Every structure is written in C-alpha cells, then in structure tokens.
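Residue numbers (the numbering used here), protein chains in the order written: chain A, 1 to 343; chain B, 1 to 343; chain C, 1 to 343; chain D, 1 to 343.
To be clear, the hints were calculated from the coordinates, so they are not data collected in a lab. Just so you know, not all the hints are guaranteed correct.
[As the list claims (entries may be wrong)] Pairs of lysine-lysine, DSSO-like flavour, derived with a Cα cap of 30 Å: (1) B:K135 to C:K133; (2) C:K310 to B:K135; (3) C:K165 to A:K55.
This one's a predicted model, so the numbers in the text were calculated from it and none came from an experiment.
Number of protein chains: 4
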Amino acid sequence: MKFSFKNDYSEGCHPRILEALVQTNLIPQNGYGDDEFCHSAERLIQEKIKSPQSKVFFVSGGTQANLIVISAFLRPHESVVAAETGHIFTNESGAIESTGHKVHGIITADGKITPDQIGHVLDVHQNKPHQVKQKLVYISNATEIGTVYTKEELRNLSDFCKENKLYLYMDGARLGNALMSENNDLTLEDIAKYTDAFYLGGTKNGALLGEAIIINNEKLQEEFGFHIKQKGAMLAKGRLLGIQFQELLKDDLYFDLGRHANLQAMKIKSAFQEIGCGFLSETFTNQIFPVLTQSQIAQLSEHFDFYVWKKIDEEKSAIRLITSWATTEEMTETFINSIKKLK
Amino acid sequence: MKFSFKNDYSEGCHPRILEALVQTNLIPQNGYGDDEFCHSAERLIQEKIKSPQSKVFFVSGGTQANLIVISAFLRPHESVVAAETGHIFTNESGAIESTGHKVHGIITADGKITPDQIGHVLDVHQNKPHQVKQKLVYISNATEIGTVYTKEELRNLSDFCKENKLYLYMDGARLGNALMSENNDLTLEDIAKYTDAFYLGGTKNGALLGEAIIINNEKLQEEFGFHIKQKGAMLAKGRLLGIQFQELLKDDLYFDLGRHANLQAMKIKSAFQEIGCGFLSETFTNQIFPVLTQSQIAQLSEHFDFYVWKKIDEEKSAIRLITSWATTEEMTETFINSIKKLK
Amino acid sequence: MKFSFKNDYSEGCHPRILEALVQTNLIPQNGYGDDEFCHSAERLIQEKIKSPQSKVFFVSGGTQANLIVISAFLRPHESVVAAETGHIFTNESGAIESTGHKVHGIITADGKITPDQIGHVLDVHQNKPHQVKQKLVYISNATEIGTVYTKEELRNLSDFCKENKLYLYMDGARLGNALMSENNDLTLEDIAKYTDAFYLGGTKNGALLGEAIIINNEKLQEEFGFHIKQKGAMLAKGRLLGIQFQELLKDDLYFDLGRHANLQAMKIKSAFQEIGCGFLSETFTNQIFPVLTQSQIAQLSEHFDFYVWKKIDEEKSAIRLITSWATTEEMTETFINSIKKLK
Amino acid sequence: MKFSFKNDYSEGCHPRILEALVQTNLIPQNGYGDDEFCHSAERLIQEKIKSPQSKVFFVSGGTQANLIVISAFLRPHESVVAAETGHIFTNESGAIESTGHKVHGIITADGKITPDQIGHVLDVHQNKPHQVKQKLVYISNATEIGTVYTKEELRNLSDFCKENKLYLYMDGARLGNALMSENNDLTLEDIAKYTDAFYLGGTKNGALLGEAIIINNEKLQEEFGFHIKQKGAMLAKGRLLGIQFQELLKDDLYFDLGRHANLQAMKIKSAFQEIGCGFLSETFTNQIFPVLTQSQIAQLSEHFDFYVWKKIDEEKSAIRLITSWATTEEMTETFINSIKKLK
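Just need the whole structure built from these sequences, with the hints factored in.
As structure tokens, then:
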C-alpha cells in the first residue's frame, strides 16, 4: 500500500478518542445533545475561548455546520459574501443556495478576503430592493488553500462588519492547523471576540466526525436547536460528539494534533525548497502545493498517493499534499527521501 | 442510578461495533462513502434484501434520511401523505416542509395507514392546480407507537401506490424491531419488493449512529449523492457508517439485537398483563404503553426512568416503556419484580 | 349565455376603475410601486383604518400576498396555524410549505378558529426542538365558507396571540363582503388594531387584480419590499395597483360593491328560505350554500351556472352560489323567479 | 414636467389595450387563465412561432417568469449559468436562489455568453457530487445592456446545450426590441426552435403587465400550472393577461411598438454620434449608453430625466437612455435639439 497524502480524513480517529468511546459506552445518557459529555465539552470550549456567554452546538460535518448557521442567521432576502475558493461557494453542491440564500464570490489571490473587497460587493448592490442585501461574511481559517488570517486582518474584518451590520462567520474545518501554524498570531480568544460565530473542526483534526459550532453573538443563539433538528443534524446519540470534543480539549490534544500535521508538512516543504522547487502559494499549515515537472510527479506517484491540483504549463503542474494527525514520521521521512532523489 | 426505559438510544453502541472501529482505525480509505466498508455493507444489504439493483446510501440519522429522500424524489409541487403519528409529521420540527413540501396527516387508530385513507386524501385534492399534488406515501415500520405492518397490508399499499403513481417510502428507524416482532410476517426481501425506498435504522438498533437508505426504484437512484452532499449529510469519514453496517449485517447481529429488545419488552408486557393491566395499544415490538394509576406510576418512578405518555382520565395515564439491545436481563427482571409489587 | 353564480371574479372590473386607468394612462410615473397613485392609495388606507403608522404594499393576488407575508414574517423553524378550510391550507398548491413553513390545520364547524383550538395545537407541540414552533395564526374574513368574525371573536384571538407571542394575520380576499355583512360588527379600524397584518382584497371586489397588504406591527414592516421583489411580485408598473385602490377607496366604492354583492346573495337566500330550503351553513356575505334535491339542481342548471359543492345524501346536495359587484338586479330577479318555480 | 428616458415602463399601456379591456370587460369568463382570451392568445403565439406543440402560460412580470420557469425545470441539486449582467444574477434580489438554486455568473464584455464560457463553468465543476450540477443556461435577448444575439450565436448555444444536456432559456423582457433591432437576424420561429423555453415580454412593450412564458420542450410542459399557482402567480382574472397579448399579437402591434422604440433610440444615437460622442457599448435596440462630460450631463438633466449609469473617469460618465412605445416624436426631437446644443 502506498502512503497517502491525499487528505486529512483518510483514517479513523486518534486512538485516545476510541478509548474514550469504549470507556463511556454503557453509561446511559439523555439523547439529542443533552448529555453530560456535550455539556462538559461546551464548558471546556467556553473556557478555552474565554467567552462564557458563547453557546456551543455539535454537528457532524462542515457543510452541515455552514448551512445550519447561515440559514438560521439570515432572513430570506439576505445573502453571504465569500471567497470564490470558499468551501460554501464551490464545494458544497449548492448547500447554501438550497436554503434560499445567494453567495457572492470574491476572486482572491490567497483565499483570504479583505474589507475593501467586501466593500466593493456592497457598493454594487445599492439598488434596493432589486438587489439582494448582504448580511454575512464567510471566511475560512485556515483557508481552503492553506493560508491563515493574521490578528490584524481578522480585527479589520470584524470592525468592517460591525460598521456595516454584517455578521462575521469563520469556517474552522482546519482551525487546529491554522492556530498551530508558525505564522499564526491569533488565539481562540481572539476568534471568539472578533466573530459572531465560528466552528472548531473535529473531522479533519483527529475526530471520527464532528464540528463544534460556537455562537458568540447572543442574539443569534436563540432557538438555534430548532435549526439543527430541522436540518436533520441532531444526533440521537449526541454523546458521540460530546465525548470526542471532551477528549480533544480536556488537555492539549486538539492542538498537538494540529501542530503535528503542520510539522510534517513543513518538513516536506523544506525538502522541496532544498531542491529548488517553487510553490503555487506560500502556506504554513498542513497543505502544500509544490510545482513539479510531469516526470517528477510520475516518480513520486509510484510510491505515494496525492492529488495533482493545477496545471501550470505544458511542463509543470502543482500537486497538493496534505498531512494529518495520522501522518507518521516514517511516512514523512520516506517521502522526503523520495524528494531528494527527484531529478 | 435508575434503570432507564426512556428510549433505545441512551447508550453508545454494541461492543462488536467498537471493536470493529478499533481494528479498522488506521486503514486509510477514500472519503465521502467511497470506501471499502461502505461498499461491502452495500453488498451485504443487496444480498439480504435479494435486490442487487438496489442502491444503498448511508447517512447519520432518521430525520436526515427522511428529508433527503423526500426532497430528492419530489418535484416542488408534490406532497407527502403520512400518519399524524408519523415522525415526519410531528417530530421533525418541520424538516420536510423546510425542503418545500406539504405533508398531509392522516388520523389513525394504530399508527398505520391504509389505501382507503390515502384514497380519501387524493379525493379531496382534485382541484388541480389549486391543490397540491400527492406523490409519496410515508409509512413507518415499526410505527412510532410500536405496531407493525403485515405483508398483506404492505402489498395492498404498494398496489395502491402503483395504481395511483405514488411512491411508497418506509421509515425503518425501528425496522429491526419490526422484523423480529412475533406478529411480523414481512421479510427484507418483501420490503425491497414493495417499496420504492426504505431505510434500515442503525441508531436505534445498536449502532453509534447511521441509517442505510435503500433505493429500489432505479429511476430514483440517479444522482442521489448530490442530495446527500447538498443537505450536509455526506460524512468525510463515511467509513464510520460503512464499518458499523458491515458489522451489524455480516452475520445476524442486527436481527439478534432487535429480537433481544423485543423479548425484554414482551416479558415486561406479560408481567403487566398478569396483574390485569391494560394497554394504550397492542404492540409486539420494543415499545409498550401500559395504562396505570397515578399511584402505580409513582411507585415505578422511584426506581426506573420512563415517559408518562398520555393522560387517560383523572385516575390513569399510559406510560411508554422502550427496551433496546442494551436492556439487560437484570434490568428486565428488576422491573418485572417491581410490577409484581404494584398495588 | 347562462347567468353565472360560480364566482366573484368572472368579469373584468368596475367601470370606474377602467375610467381611472384611461385617464391616468399617459402620466409618467416611477416604477415598482414608488408612484403617486400607490402613495395616495396608501394614505387613503391609513386614514380609513385610522392607523398612520401602518405600511401598505400592493400585490397582484391573494396567494401571493399570503406567501410573501408569511415567509417574510417567520424564521425557518416557525409554523402557521390555520383552519383546514383556510385558503393557505387547502387551495394554494402548497405555496406556504414551498417557502419552508408547516401549516397546522384545525378542523372547524364554520371556517373560524378559536383561542382554544389554537391552544390545543400549542399544547401538543411542547417537545422542543423536535416539534416545530407555532408563530403565526392565519384567519380569513370572510372565511372561505362565507362566515365572518365578530369583534369579540377577533379581540379574543388577538389577546390570545399576544399572550402567546403569535402573530395574527387576516386574509381579507373578501373583506369587503365581510365588513358589509348584516351580522358584522367589525370596522377596518378594529382590524388594524387587532391584527399584526391583513390584506384588503381587490380582485374579488371590483378590481382587475390587486390586494393591499397592510402591516400594522412596525417591527414586521422592515425591509418588506425585498420580499415582494424576491418572490416576483413587484410590478414594474405598480401604478396599475395604486390607481385601482385609489379609485376604490377615494369614496365608498369599495364598500358599496361589497354591500351590493351581499344584498344579491341575501335576496336569493330569502327566496330559498321561502320555499323551505335548508343551507349547509348560515352565511350573511356573498356566498350561500342551499341544500337542494338533484332534481332541483338540474332545473336551476338549465339556466344558470354554479358549482355543486357537497353531496349531502343520495337525494340532496348543497350548491354554492356566489354573487359579486357584477351581479345585476336582473340576474338576481331571474334567479329568484326560477327558485320560486322549483318543485 | 421633464420628458423621461429613464425606462420603458413609466406610462400605462398602449391605448388599444385599454380599448380591448373596455370592450371585453363584462363578458364572464372562467378564472385562472382558462378563459377564451388566454386560449386565443396562446393560439396566436403558437402560430407566430410556428410551433403548435409549444405551450403558453401568462404571468405578471419578468422576475416571476424567471423564478417559476427555473424552479419548475430544475431538480434541487441543479444550477443555472448566466451572465453577471443577467437580470437573475444581479437584479432579482436573490429570487432564483430563494427557490434553492445557485446561479453561476459569467463576466462578459457585452452581456452575451458563449459556449466556451459555459464550457469553462462545466470544466471547473467536475468534482461530483461535491460541486453543484449545471443544468440550465439563462440568456437575455435583448440583453440588459441592449445587445442582441445573432442567429448563429443562438444556434451555437443551442447545439452546445443539447450536447451537454443543458436547458436553454431566454428572458425576453425586451424581445420585441431585440427582434426589431436593425442588426437582428433572428425570428420568433428560430427562438422557439433553439430554446427549451423563453418568455415574450409584455410589460416593457406596451402592456399594463404580463409576460408570455412559452415552453417548447414538451417534457418540461408537464404540470407547469402547479408551479404558477404555488408561486402565487396565477391571476384569478387571467383574462387580463390574455386580452392584452391577444391585442398585441392579433396583428403586428407588438412588433410595431418595439420598432418604434428602437427607432427613437437610434435617432438619438445618431445625434450623439454627430457631435462625436462615444458609447459604453454598441447597441441597436431601445437602450443607448452615451459617454458625456459632467457638464453635458448637467445640461441635459435640466430638461430630461435619465439615469447616470457608470462613471468612466473624473471627467466623464455614461448615461443610460431608454425609449419605449410611449416615446413620442416630439420627445425625441426635443432631446435631439438639446444634444445639438451641447458644448
């Protein structure tokens, strides 16, 4: 079997999570998220983000989190602003529009959007009520192409959104990787402070499944459970989600797993840099996009699985490599050895 | 801690499922349901239902299964016919209507609907296009109040639906209990033959989570994956669902768990019958609804958890007792002893 | 050609409306409802309802008014309570559900709903968030079967709704007939006071088309124009609606037309009473439902058009007769003569 | 009062239409579009487009036509491709998304889209089912910026759509202007042949209101009336739409009105060309976009109403001038005289 760098959800979950499931398995609990594990995980999150008034809701996946949050927050005539690389814009099969809301796409260089770009969207939608009303800004951190927001960038977005009565929502499918990135200066506390809501991703950071939706804006917390139920996202055994987040957050496991994944990616990045290889974008998380010749790609493909991401020219393409909590030092070393042998 | 007869999803999952998760944990797989476990579980189901052309899709929960199936099958102007006790009618927070479709409720004695009742709904909606067009019949088996359909009843419904160009869809959240009921004469093969689609419930029969949607009508299988994705129900680690159904179905575990739960309920039912107690409805699955005096209810409440279901008169109420794969013989015996002591 | 008593929208419009259209035809106006006629008609309505803070919005038809109001007022998890005879429940092809909201149907004797009946719906939906949340009560006045609400009934509904944080919305497709009914004691001022919103019907009371949505609850007025536009209901030439309501309301034309229609129906009702005929329900508006033998129905059918409404037994059926602003005295007299000749 | 060139819906309707309404006013008809005038207008359209199997449905406005057609044709996971200038993309307040469907925007030079551009959208959405499935191409003719499709362009689009199993739908809000444009080579027959559906606009070409939806693809005609009803677009007095289209189409009035509007715009265009003025885009319909200095704009604004459309630089802006059936020769001449006096 080839080692795989295709994505960060190829394996099951971190062994400690399985152990926690085994140990708690026969303890009866209330259903639908009203169990002691979910309550405990909520408290752990409130402490880590230093925001006791925030409310936490656990759901199974990222698309689910996004569509529930957005459809719960918006009235029918309100729309969303997102990067064109944003998961909701391009990779959720029209999930947001399916709940009735337009998503405006912004073309970006690095997957991150700026107040100026949002301002432009607002400017060209002044013909009310013939044009839809923008109400929520969706950002991803880390972005879908591996970049991260700085504290200043996030604060500026937050200020702009407040001035313009826009909600700011962060998709944190890979927030563990973002926060552990070497060029990150954000804390969970900052994120709770600057956003109306965000989600802390479990699926791509060691859980079997699960994302923790965290709503900081108290006005938006009201009756949120109805939306989870109505969209089919309320697990009868909500404990399954609570147990996992409790395990990930009761110490620093969540962050350790993000750091581990990033470290493997950075080692591989260095190896590519050493042979003079360029990259599609500069990333410091668990995704890298080296630009290789077709022959180099063919050599690496013999022993490893990964996606060819984007054709650059007749000669070269960028590949995408993703590492995870499950990427072993052995995998990383083996891959680096292969890089060194590339012609 | 009191023994609980509140529901069949209070514990985690059957130990064999946890073992299977542990053993497969680090085997890398494709994401989004395209893994070897999902494929294997689909084959097992196709064999058990003797319908190789059926397609199987795994999702997390029952409300999710129902809303995806119904919104994928119907055009915007089409509606659903269901019992007023039906889960979609009363307990899914408007999930079906949220996808745009009206649900017509039929008042029933026992949770089951008949061709005549559906025919009446059709008859009073002949003023086209001012009245919505009925297109899908939703039934639950076992029903939400513990009853089951006979083969003849299901065949009659199927014939009626075919004649009237209606789809027939069965919610099988408790299909394991239904099939193992002492007064059941249906097989999985029958159900695949008589319905356009149904789902085989995992959550309430020993899984951590998971329902297997089985689409028998080939015309309705087309592009179904899009709907799963769009509604936020496609797990990145779809393996989690595949592994569980593989484990439940590779031998008779799924059916053994249903039989075990039913057996506990029937023992308790007998004990109530022996003291001359009546029931709200006659059930042969894992739900029973004995009618007790307030004093009797108070006595049982001291040591056991259960729901008071329906007030009968000033004196009496019906309680609901649910057993599951996790109900031990000890729990059952202890409860029966308490019944015997009721005044 | 037979005289028709099938409905109150068989002809074009009252001649004064056509004259107003002719006279204003070439005066240029702003589009989309921002014209002097709509503004003037809004002021006339505000005066007549003695509620200057109410806002008025003109749309083309009743189903349109209902779906826009309801989808604008409700959040996704909220539902509507209505009579089973209510237009939105049975005759709008699932329009309300199409915007995502469940409609609970109440079985009534006379098309009118009471606080007790609504209270029962609330009582059986206490299992939050598994059951949908009721938020709006929909009533029709006159009802779809010709009855009207008294002031006391409406005040009681209003009080109940306020106590239970429900919006009260009245469908006034035939409000002109209701207000001119001999057993009416409501005024437009009362209706503005007791409802959060209502619409004043034009189509069935002499206009070519058009309903005036009147929102009394200021919180619900906000950004309402977006919803009109988004649902495709904002006419480029909104003037068409403004001119008609201006003409209907600048004097008492609107009420005269309602009174005229009612009067014709009451004359016909008396004629039936004189020959000892019974009625399906007791009505005092422009709809009557006499119960006739098949032979009597056949006799009347020779010279008049009307709907056979409901089979009573093998011998008899109720027919529905509707009069309108366009029903002439000649038509009424001719019909009465035929009644007198019935065996 | 200033002469207005702001839009083509400032006045009521062509006098012949009012006459037709007066003459037919008291003839009783069936409701909801089942009247002799709608039937007659449908036959006239079938003849003019030489497509007897096409079905015609009349609705009140363009946004309404677009949202009904698109939501009726598509399944939930299917999306629309349109120009970013397209009415549905930018000026319908999210109406299409409100019915659940994503609209992909294509940046164009002239408001027209090409097979290559659509092909690119398809190419970047191959990751099924994570990306939404494109199913309908929306074009406008004339476009929102006054340009028209040639026969070759439309045929190529049609061929491409057939090859890729896409529906082709044309928004004909200004189809009268398009067909009467001096550089048009399309006929109604061509349009019926090359599109699955289109609508023939009445509101902007002399009617009080009304658009004729024409469905050529027989598979898409089925049960279309339900969608009209459900979206609140079925007028009780459908006759109002039928009478107008009958009048516009029983001879060449519809085309005469389009030709008249175009002619006035072309005369004004020539006057601008004579003084050496440039244009934002080259148009041959009833919209022109001359680029003027701020001082020139100020001069014209003293006596005429129009929109300043787009700032070109500090010195200059493009204005938008729209003519219509109601633009008199006197208005045109007066405006041309003012152009000649511009410095």
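Against the structure, the hints come out as follows:
1. B:K135 to C:K133: holds (26 Å)
2. C:K310 to B:K135: The given pair, whose Cα atoms are some 25 Å apart, holds under the 30 Å limit.
3. C:K165 to A:K55: Roughly 24 Å between the alpha carbons, so the hint for K165 of chain C and K55 of chain A holds.
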